[in-house]
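Chains as they are written, first to last, in this note's numbering: chain A, 1 to 366; chain B, 367 to 628; chain C, 629 to 919.
Simulated from the structure, these hints should not be mistaken for laboratory data. Cβ coordinates follow ideal geometry from the N, Cα and C atoms, glycine included. Be a bit skeptical, because a hint or two may be false.
[To be verified] List time: in silico DSSO-like cross-link candidates among lysine-lysine, alpha-carbon distance up to 27 Å:
{"id": "1", "chain 1": "C", "residue 1": "Lys783", "chain 2": "C", "residue 2": "Lys644"}
{"id": "2", "chain 1": "C", "residue 1": "Lys783", "chain 2": "C", "residue 2": "Lys803"}
{"id": "3", "chain 1": "A", "residue 1": "Lys65", "chain 2": "A", "residue 2": "Lys330"}
{"id": "4", "chain 1": "A", "residue 1": "Lys330", "chain 2": "C", "residue 2": "Lys715"}
{"id": "5", "chain 1": "C", "residue 1": "Lys653", "chain 2": "A", "residue 2": "Lys10"}
{"id": "6", "chain 1": "C", "residue 1": "Lys644", "chain 2": "C", "residue 2": "Lys715"}
{"id": "7", "chain 1": "A", "residue 1": "Lys330", "chain 2": "A", "residue 2": "Lys10"}
{"id": "8", "chain 1": "A", "residue 1": "Lys65", "chain 2": "C", "residue 2": "Lys715"}
{"id": "9", "chain 1": "A", "residue 1": "Lys110", "chain 2": "A", "residue 2": "Lys65"}
[Said to hold, decoys possible] Residues of chain C placed beyond 10 Å of chain B at every Cβ, according to the derived structure:
{"id": "10", "residue": "Asp702"}
{"id": "11", "residue": "Glu765"}
{"id": "12", "residue": "Tyr808"}
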Amino acid sequence: MYVAAKGGEKAIENAHRLLAHERRGDPSVPELSLDQIKGQLRLAVDRVMCEGSLYDRELAALAIKQACGDLIEAIFLLRAFRATLPRFGASEPLDTGEMAVRRRISAAFKDLPGGQVLGPTFDYTHRLLDPTLQGAGASEPGCAEPIGAMPRVIDILAAEGLIEPSPRARPDDRVGDLTQDPLGFPADRDLRLQNLARGDEGFLLALGYSTQRGYGRTHPFAGEIRLGEVEVEFVPQELGFCIPLGEITVTECQMINQFRGSATEPPRFTRGYGLAFGHSERKSMAMALVDRALRARELGEEVKAPAQDEEFVLSHTDNVQATGFVEHLKLPHHVDFQAELGLLRRLRSEFEQERAGASSLQEAAE
Amino acid sequence: MTDTLQEEPLLIAEGLSKSYGRQLGCRDVSFELYEGEAMAVVGESGSGKTTLLNLLSTQIAPTAGRVLYRMRDGVTRDLAALGEAECRLLARTDWGFVHQDPAMGLRMGVSAGANVGERLMAVGWRHYGRIRGSATNWLHRVEIDPARIDDMPVTYSGGMRQRLQVARNLVTQPRLMLMDEPTGGLDVSVQARLLDLLRGLTADLELSVVLVTHDLAVARLLSHRIMVMRDGEVIEAGLTDQVLDDPQEPYTQLLVASILPP
Amino acid sequence: MNAPVYNFAYLDEQTKRMIRRAILKAVAIPGYQVPFASREMPMPYGWGTGGVQVTASILGPDDVLKVIDQGSDDTTNAVSIRNFFIKTAGVRTTTSTGDATVIQTRHRIPEAALGEHQILVFQVPIPEPLRFLEPRETETRRMHALADYGLMHVKLYEDIARHGHIATTYAYPVKVDGRYVMDPSPTPKFDNPKMSNCAALQLFGAGREKRVYAIPPHTGVESLDFEDHPFERYRLDGTCAFCGANDSFLDEVITDDRGGRMFVCSDTDYCETRRSQSGAAETRAGASVPR
Numbered sequence: 001m002y003v004a005a006k007g008g009e010k011a012i013e014n015a016h017r018l019l020a021h022e023r024r025g026d027p028s029v030p031e032l033s034l035d036q037i038k039g040q041l042r043l044a045v046d047r048v049m050c051e052g053s054l055y056d057r058e059l060a061a062l063a064i065k066q067a068c069g070d071l072i073e074a075i076f077l078l079r080a081f082r083a084t085l086p087r088f089g090a091s092e093p094l095d096t097g098e099m100a101v102r103r104r105i106s107a108a109f110k111d112l113p114g115g116q117v118l119g120p121t122f123d124y125t126h127r128l129l130d131p132t133l134q135g136a137g138a139s140e141p142g143c144a145e146p147i148g149a150m151p152r153v154i155d156i157l158a159a160e161g162l163i164e165p166s167p168r169a170r171p172d173d174r175v176g177d178l179t180q181d182p183l184g185f186p187a188d189r190d191l192r193l194q195n196l197a198r199g200d201e202g203f204l205l206a207l208g209y210s211t212q213r214g215y216g217r218t219h220p221f222a223g224e225i226r227l228g229e230v231e232v233e234f235v236p237q238e239l240g241f242c243i244p245l246g247e248i249t250v251t252e253c254q255m256i257n258q259f260r261g262s263a264t265e266p267p268r269f270t271r272g273y274g275l276a277f278g279h280s281e282r283k284s285m286a287m288a289l290v291d292r293a294l295r296a297r298e299l300g301e302e303v304k305a306p307a308q309d310e311e312f313v314l315s316h317t318d319n320v321q322a323t324g325f326v327e328h329l330k331l332p333h334h335v336d337f338q339a340e341l342g343l344l345r346r347l348r349s350e351f352e353q354e355r356a357g358a359s360s361l362q363e364a365a366e
Numbered sequence: 367m368t369d370t371l372q373e374e375p376l377l378i379a380e381g382l383s384k385s386y387g388r389q390l391g392c393r394d395v396s397f398e399l400y401e402g403e404a405m406a407v408v409g410e411s412g413s414g415k416t417t418l419l420n421l422l423s424t425q426i427a428p429t430a431g432r433v434l435y436r437m438r439d440g441v442t443r444d445l446a447a448l449g450e451a452e453c454r455l456l457a458r459t460d461w462g463f464v465h466q467d468p469a470m471g472l473r474m475g476v477s478a479g480a481n482v483g484e485r486l487m488a489v490g491w492r493h494y495g496r497i498r499g500s501a502t503n504w505l506h507r508v509e510i511d512p513a514r515i516d517d518m519p520v521t522y523s524g525g526m527r528q529r530l531q532v533a534r535n536l537v538t539q540p541r542l543m544l545m546d547e548p549t550g551g552l553d554v555s556v557q558a559r560l561l562d563l564l565r566g567l568t569a570d571l572e573l574s575v576v577l578v579t580h581d582l583a584v585a586r587l588l589s590h591r592i593m594v595m596r597d598g599e600v601i602e603a604g605l606t607d608q609v610l611d612d613p614q615e616p617y618t619q620l621l622v623a624s625i626l627p628p
Numbered sequence: 629m630n631a632p633v634y635n636f637a638y639l640d641e642q643t644k645r646m647i648r649r650a651i652l653k654a655v656a657i658p659g660y661q662v663p664f665a666s667r668e669m670p671m672p673y674g675w676g677t678g679g680v681q682v683t684a685s686i687l688g689p690d691d692v693l694k695v696i697d698q699g700s701d702d703t704t705n706a707v708s709i710r711n712f713f714i715k716t717a718g719v720r721t722t723t724s725t726g727d728a729t730v731i732q733t734r735h736r737i738p739e740a741a742l743g744e745h746q747i748l749v750f751q752v753p754i755p756e757p758l759r760f761l762e763p764r765e766t767e768t769r770r771m772h773a774l775a776d777y778g779l780m781h782v783k784l785y786e787d788i789a790r791h792g793h794i795a796t797t798y799a800y801p802v803k804v805d806g807r808y809v810m811d812p813s814p815t816p817k818f819d820n821p822k823m824s825n826c827a828a829l830q831l832f833g834a835g836r837e838k839r840v841y842a843i844p845p846h847t848g849v850e851s852l853d854f855e856d857h858p859f860e861r862y863r864l865d866g867t868c869a870f871c872g873a874n875d876s877f878l879d880e881v882i883t884d885d886r887g888g889r890m891f892v893c894s895d896t897d898y899c900e901t902r903r904s905q906s907g908a909a910e911t912r913a914g915a916s917v918p919r
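So here's chain A without its partners, still in its complex pose (with noise of 0.2 Å):
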């Protein structure tokens, strides 16, 4: 005898505390610690950071092992935190010409002021998993210290006008924030480069491989990749002057594009610009690579791309919104369901009806 199901609230319990349970995993294993997914696990902790939108390496890190490594999970975690966050302003815009440099690339130029910094980095390594990280790796010895400020390629370009300024914004423009005001379009590009600084490494990465592969090419030069430390400033209204609140780590790419003139301009390369919390080539060299491409209608470019359709992107950057939705459909939807089951039921009989009238008819004219 059918009973209606109750005990929707004890089912949660239990599914919470199952998920304790798988969470820690088998008890003789040691315990991650937070200083451990900080220290070992830190390009993660970089992802989570960016896309969450909260520079603090903590509670990345608490978020990671909350989420049982599922990095998703991590940065909505992180995005909620910070909704709960006080704002009390916003900082001064970071000067990375004045980044205390540990990496810094350009593919433009065989060798220039400052030089190729390799800094850590996996690219030219061999990919052979490596057995002897199964156990306690050998520990390396500490790495040299950071180059220091070095200028930048771009700046070298713009000083002989081969490159087109990077637009100035007007001293009292105010800067979009996503986080404030809801996205309309057409969108202006600080709201574009913010959406894009925060959305899905994995979205990024394929769009911006959809214009090398001739969806909306823009010809990229990797212009400059810099990865170091950065100040943080901000100018407190009761003292009105600038003071340093820290530093944060920032990978930062400038990528060099198709160059076009116009009537009354010569021509000059354009620009593509992609930054991101931590060590994140990847998502910063996506981001130029999206950046240059979605300009395509301040340019004057025909917008044919999925990558150039900023509609189409900035509505689906955001991981978290995408895998709410995505994910939302293991709610009930039985209501729902219920009604279309009803339609198509009745849609049925009515062809069974027609098909029973038209075989009927043919009976009789036989």
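Add chains B and C to chain A, keeping to what the hints say.
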């Protein structure tokens, strides 16, 4: 034709000019078009004829000059002074625009019936049977088998799609039709059939037409008057037969001479 | 690390103010989608964050809250959201429609008529009724501004041409106060007539899409249709196996793997109220075979 001379013109262009930076679209184009008149605008590509059509349909705004239109209530208005809502309503009811590529002027993802019925639904028709009836009627008039009313335009041939586009435009009984190379890209025999249809319809419905074409034969068949454009300017205008039989300007003479004899 | 201190009903006052302003604008323009800066909430987008933000903005300490999903108070997500408000607002909660002052709902409108002292908050996934016909936001905004709704009727026409019926069974588009076309959220079309001239305020929150809209009390709401194909209020032909109701929306429950099924009221409070009123405590199995 003498009756129309006593009425006000339906469409007036006054010193219409459009430039894109240093690039000239068209310069100083003026004309008056009366009800029931068909005017062809001919020239080679780059002559400015398409720019002119886009100015007349308010798809682009002029750099100088204006377009005046006599509304259904008899008042002649400057189109630049109309709000977006009014313009959109005009485009949906009183005007028709036939694109060279029918896919630009149709919804390829909905049935022929929905394509023809859309304008009616946009102006408030709410009876499915009557909408369908009107769509059937118009399919018939453009010589499309009404049994194909539920088919998608993708299943139609090029000529049929073009005729469907015409039906979609005519269903609200517009007074002005703008056509951009309506027979372009069609087979010669298919063209002939479409031209015949257009000639019959424009006469029956007393439509005013501005027809852009590079094909002088089409101009001769469909229009009473002709304007010849070159490099953005009107170099000759007049009655179609007169201009084509006895062109005054050297450029027009060249155009006429280059028509291959049938 | 700083332990977060949460405001009443989770949202900070500034956010509440922003959302309330959006709500006021929505009430002033019935059926019009007002953009708002949706916050990240502790539950995922798609799981009711819009509804939760609206409820959090209007909730006061004296309110009595009811939360339902698919008509029932006991479905998992309804339980989860109710617990969220118990934790962050400490308000009284109830399963009784009549006792609630704020009702947050997903995909159903309660069967019992609502009163002037009540607010119904809908969870909305896709607020734009034209979205599946026209994916571009820039274009749909213009269509609403110019009351250019021909495309909506084209869709209905196509349904009739293809199926003989309008094929929309839920999220059935409506026209509010004779002006804006609105998506009522994925409620079954059975519920559409309840929105018209309702004594309660109806608020609609879409968190992921960042829109809020409203139907003020006593506002006319018509479902779109054709004169010769009028709106049909579809209901499965049957009675509830528990309470015998023949006028409520029914859930189909599969009872065995040989096609056995029974039908019960989707609105659990309506069903329980009827049962307690009639004194019937047992189920009457087999009493609800649909014709």
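### Query
So which of those numbered hints doesn't the model satisfy?
Per hint list: 1, 5, 9 violated.
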